[in-house]
Each structure stands twice: as structure tokens, then as C-alpha cells.
Amino acid sequence: MAVITAPAEPVVRPVSRFRFVLDRRGVLGSIFIAPAILYVLLLVGVPFLLALYYSVSAYTLYDPSWRFVGLGNFEQIVRNPVFLETLGNTFLFTFGSQLLGLIMGKFGALLLLRPFPGRRIVRALIILPWVVPIALATIAWQWMFDSLYSVINWTLIAFGIVTRENAPNWLGTPSLAMLCIIIVNAWRFFPFAIVIFLAGITAVPQDVIDAATVDGAGFWRRNYQIILPMILPIVAIGLIFGIVFTFTDLSIVFLLTKGGPGEATSVLGFEGFQVGIVSGDVAQGAAISLFMLPVLLVVVIGMLRFIRRREI
Amino acid sequence: MAAVSTRDIVKKFDDVRAVDGISLTVPDGEFMVLLGPSGCGKTTFLRIICGLEQQTSGDLLIGGNIVNDIPPRARGVAMMFQSYGLYPHYTVRKNIAFPLRTQRVPTAEIEKKVAWASQLFGIGHLLDRRPRQLSGGERQRVALARALVREPTALLLDEPLSNLDAKLRASARQEIKQFQQRVGVTTIYVTHDQVEAMGMGDRIAVIDHGQVRQIGTPSEIYDDPADRFVATFVGTPPMNIVARNGGYLGFRPENFLPKDMIKDAAFTEFNFRVDRSEYLGSERIVYGALSGFDQKQVITAKLPPAHVADEWIRPGEWHSFAVRDHALRHFDQDGKRTSRH
Numbered sequence: 001m002a003v004i005t006a007p008a009e010p011v012v013r014p015v016s017r018f019r020f021v022l023d024r025r026g027v028l029g030s031i032f033i034a035p036a037i038l039y040v041l042l043l044v045g046v047p048f049l050l051a052l053y054y055s056v057s058a059y060t061l062y063d064p065s066w067r068f069v070g071l072g073n074f075e076q077i078v079r080n081p082v083f084l085e086t087l088g089n090t091f092l093f094t095f096g097s098q099l100l101g102l103i104m105g106k107f108g109a110l111l112l113l114r115p116f117p118g119r120r121i122v123r124a125l126i127i128l129p130w131v132v133p134i135a136l137a138t139i140a141w142q143w144m145f146d147s148l149y150s151v152i153n154w155t156l157i158a159f160g161i162v163t164r165e166n167a168p169n170w171l172g173t174p175s176l177a178m179l180c181i182i183i184v185n186a187w188r189f190f191p192f193a194i195v196i197f198l199a200g201i202t203a204v205p206q207d208v209i210d211a212a213t214v215d216g217a218g219f220w221r222r223n224y225q226i227i228l229p230m231i232l233p234i235v236a237i238g239l240i241f242g243i244v245f246t247f248t249d250l251s252i253v254f255l256l257t258k259g260g261p262g263e264a265t266s267v268l269g270f271e272g273f274q275v276g277i278v279s280g281d282v283a284q285g286a287a288i289s290l291f292m293l294p295v296l297l298v299v300v301i302g303m304l305r306f307i308r309r310r311e312i
Numbered sequence: 001m002a003a004v005s006t007r008d009i010v011k012k013f014d015d016v017r018a019v020d021g022i023s024l025t026v027p028d029g030e031f032m033v034l035l036g037p038s039g040c041g042k043t044t045f046l047r048i049i050c051g052l053e054q055q056t057s058g059d060l061l062i063g064g065n066i067v068n069d070i071p072p073r074a075r076g077v078a079m080m081f082q083s084y085g086l087y088p089h090y091t092v093r094k095n096i097a098f099p100l101r102t103q104r105v106p107t108a109e110i111e112k113k114v115a116w117a118s119q120l121f122g123i124g125h126l127l128d129r130r131p132r133q134l135s136g137g138e139r140q141r142v143a144l145a146r147a148l149v150r151e152p153t154a155l156l157l158d159e160p161l162s163n164l165d166a167k168l169r170a171s172a173r174q175e176i177k178q179f180q181q182r183v184g185v186t187t188i189y190v191t192h193d194q195v196e197a198m199g200m201g202d203r204i205a206v207i208d209h210g211q212v213r214q215i216g217t218p219s220e221i222y223d224d225p226a227d228r229f230v231a232t233f234v235g236t237p238p239m240n241i242v243a244r245n246g247g248y249l250g251f252r253p254e255n256f257l258p259k260d261m262i263k264d265a266a267f268t269e270f271n272f273r274v275d276r277s278e279y280l281g282s283e284r285i286v287y288g289a290l291s292g293f294d295q296k297q298v299i300t301a302k303l304p305p306a307h308v309a310d311e312w313i314r315p316g317e318w319h320s321f322a323v324r325d326h327a328l329r330h331f332d333q334d335g336k337r338t339s340r341h
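First to last, the protein sequences are chains E and W.
Read the first sequence against the numbering used here and you will find it ends at 312, with the numbers running on by one and no gaps.
Read the second sequence against the numbering used here and you will find it ends at 341, with the numbers running on by one and no gaps.
Since the hints were made in silico from the structure, they are not lab data.
Please note that a few of the clues may not be correct.
[What the hints assert, rightly or not] List time: in silico SDA-like cross-link candidates among lysine to any residue, alpha-carbon distance up to 25 Å:
no., chain 1, residue 1, chain 2, residue 2
1, W, Lys-94, E, Pro-133
2, W, Lys-113, E, Gln-225
3, W, Lys-94, E, Gln-225
4, W, Lys-94, E, Ala-264
5, W, Lys-94, E, Val-40
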């Protein structure tokens, strides 16, 4: 027979209230998230506030005065026809290259969707434009667009499409130079677009595609009335990334055309860099760069609202 | 509306014969059920009929014409998928209208037909909703409306009830059958659920390993199975099969009765050892083995209503059971049905 004994002494003894402080979700969570918050505050927040202040000051490298001038810098740049051209160029560059990249991405994704021998290798290779350092890739493009050694021109001449005399001067003609930077950026962006489209298309249930087929939809109708509308929210997210990165980008312009000929390919990022860093007029440069903020804000908010409405 | 028939359809995926020579004729207006275990090739066969898969060999005829090389959109066949395949970005109205839009039907005509189909299925109040705002049963009706709106030559249904809960399934079964009778469309219905097959089909084709094992009315399939596969696939619990004289003997659990209950006909007697007894409310199922046969083979008996509540059969006891001779089914050693052996 078991003997019922008195209940054991409680094992919990009084300890310091801070002994188990790391077991509290709130405390541990805050500790873990702190580095990320610090990082954003120091490396994004502080420079942003600094830029805000520069843009309303008269700060230059040669006269580092913190004199407040209100919106004077903005007034000045808005009246400057070069700036207005730059703004227009930025829109053309951004939306032109995104459109081209999306079209290339869509067709690339359709081609890569069907199994074929060597598909995995092709899938790996096609990511290259995205992962190759931009400086390296742009140098290669520079040679392809070179006025003397352009393989593009050589090919066109070999096929008899143009003659040596009237071969296009890619980087020397304003409209062609714009086309060049659009092409290079679209080339850089399209692997990303392919990945986005592939992810979207594979997420469309096969039953829905089959239903459309049986309901009488052919290839084009399936693609543009069923698949594309269904993956539009995903594509829009990818597009937001593309727009933000392109709108703020200066590397391709800097490496390929230096904004030229004239101001034909100057974009906001490049212009801000030239004025603010190279010429040393930090206040003007900051004001030019800050112009991107309201534009991007409107674009991003508009697209996010569109996505929310389209959510299915 | 048209008859659908196939001649020796074969579909190979690499070396696997998913469909292995199915010849089937579904007359105009018939409700044909393809019944078989999962992976037996019934869905592949259905996808060949609507054109989503191309058969390796064999002919497919719709309305008497060979349609082997005609693309899905020109076959005029409608299909309803297991998960319905509704277009999530369209409203119910646009979902139903889609098959008409692909046929370039005039807008006024489309409106009329959508109204007709939605009224037929009682979904008129849902027309402006998106699929995700609908319940499972409502989605199913929308899918049916979309399938029937263009008055297809044939309606193909691929396990349409498997996404519904058990309660809804019973009423949906009845609804589908009613719509089919009202519209009179030739229907091919794929399922692995014998209750659906027995309850809905005018005829059932039992399929296994890509081949038709038997085609017949539900009672033919149940009472006169063509082989051991059909005998053991249809019926819960399935037919008891025991080896005898180089062949097999089969009898349904409900025909396996205590001997003293049979007085009206010639019977065959068995000595039955009871191992387990299950009381299921409306019926009692007894599991055991027969003396003189393989002791590992589980034999089931479904006791008649009069004996359900009794507890006179207990595990471990031996009882005298019997089967009326006309309820015995004989199979040869390959499992094919024979009259006697």
C-alpha cells in the first residue's frame, strides 16, 4: 500500500526578477531587432535628414556654411532647362527600360516554362546579366556600341543592312544614346522579370489554365485574359522594385555616356552626383536628388493601391 | 448534345500505359460514370476526351465524327474540374460568360444565356461576386453553370464532389443528377467513390490499370461483377472471395446469413468463426474466418436488420452460416466470372 505523504515543498525559490529577463518575448525580441533598426536609422535615416537639410541650405564644398536658404535651391533647379530635360530623361529611361524588360521577361519566362534539354543550364545562364557586376557588363556594352569597333554595326554592315558610311553612331547621337542606356538597363532587368513571371505563372493552378483551354481559349486568350491578370499583383511588385532601382540609378549612365551627348542621357541620379559631388555644390545636388522622393512616392503608393484592389 | 465513343484509346507516358485500350460508347444523353481506384487512368482518359491530352493511339468520336486532331476549343466539350478551376480575377458573371466570349457570341446573346444558366442553378444573386467570396457549394454551381452555359456536346466531370464536406456531397449528388436529367446532356463522370457511381450513373464503367473491367448498370455491376476486381472494388464491405476447386467463390456480406434464417431455397453451408463484431446502428458487421478455408482470409457478414441489436454472436464462437446458391458467384483461377466450375 502506498502511503500518501504530505505534498512536496514548492521548488520555486525567490530569485532576482531580472534572472529570466531574456525569457520574456518582448525583451528578447527587442534585442534581436535592435541591430536592424540601428542600421536603418544610422545609414538611411541620418543621411536622409542630412540631405533634407542640405537641400534647404547653401552648403558647398568650398563654403561649408549651414546658412538656411529655404526653398531657394529648388526654385533654382526648376527654372533650369537642363534639369527639366534630366527629369524627362529619367522618366523615359525608367519606363522605357521597364517596359522592354517586362516584355523580354514575359517571353523569356514562357520559353523557359516548357521542359527542354539543357533547360537548367539555360535558366542558370540567363541570370547572368543580373549578377554580373554592372561596371564589367557596361564596359562590354561600351565596346559593342563603340563608334569604330561596334560588333552590332559590323553585323549590320555584313548583312548589308547599313553601309560603313552611314552606320549608326550609337553613343554619339542623342536619341540612339538614350536607346542604348534603355537597352542596357532592360538587359540587366529582364532576368529579374523572368524570375518574377516564372514564379507567377507556376503559381497559377493548372486546373484554371485547363478550364480556360476547354472553355475554348487559345494561347493568346489564355495568356492575356487568364494568366496575366492573375499574376499582375506579383508582376506589379517586381515592377515597383524595377522602377525604384532604375529611377535612382546612375551607374549605367555614368559608365556608358556620362550623360551625353550634351545632356541627352542625363538622369536625376547622375545629375545629382555631378552637381553635388563632382562640382561640389552639395546643396543643389541634394535638392536634385530629393526630387526623386515625391515622384517615387506617388508611383509606389499608386501601384500598391492597385495591387491591393487587384488582390484575389 | 452528342454521343461520345472511343475506339481502343491508348495513352503512354514514357513506358507506362496510363490508358490501355479503352473502348467505350456513351449514347446521347446518358450519365456514364467512370469508377476506379486513384491512378487507374480514368482522369487521363477524361482529359483525352476534352483534348487536354493527346492519345498515343486510338480514335475518339463525338457525334459520330472523329475528333482526334481537333483542338479542345473546337470540340464543344465542357469540363468541370476537381477544384472547379474558376477564374479568380473574374466575377461570377464573367466566369460564366467566358466560354461564350471565346466563341465570339454577341453580347446580348451572352447576357441572355448567363441569365438562363444562373437561374438554372439558383446563383442569380451571386453574379457580381468573385469566386473567393463563395462557399464550396456555390463555387460548384458556378462551375456547373459555366460548363453548361454554351450547351456543350458533352459534359465531363472530374471528381466534382471531392472538395465538398460529406453533408453537402449528398445534396450535390442529387442536384447534379437532376440538372443532368433536365438538360439531357451526355455526361461522363469520373469518381473513385462507389456511392457516387451507384447513386448517379445510368451506367458504370469500372476501370483498373487503364482498362475497362466491366460496363453495366449499377445493379449489373453489383450483382454480377465480371471479375474479382469489380467484385471486391464495389460494395462496402466488399464481396467475400474464397478459393475453391482451383477457382474462386464469391458472396456478398449481406447474403452471408445465419443458417436458420434460410428456409426458402437451396443453400451452401459454412462453419463461421466469429472474431469481431461491429455495431453500426443500422447494421451489424461481423468479421471472422471459415473452417476448411484459408484462416487468414477475413470473411465479413452483414447481419439483417432483425439481428442487428442482438448480441447472440460473440467473438470466439463458431456459428453455422449459409449462402443461398443463387447468391453465390463463381470465378475461374484468373479471376474471371464463370457460370459454374
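Here is how each hint holds up against the structure:
1. Lys-94(W) - Pro-133(E): violated (47 Å)
2. Lys-113(W) - Gln-225(E): holds (21 Å)
3. Lys-94(W) - Gln-225(E): holds (11 Å)
4. Lys-94(W) - Ala-264(E): Violated. Lys-94(W) to Ala-264(E) sits at ~47 Å, over the 25 Å cutoff.
5. Lys-94(W) - Val-40(E): With Cα atoms ~46 Å apart, Lys-94(W) and Val-40(E) exceed 25 Å; violated.
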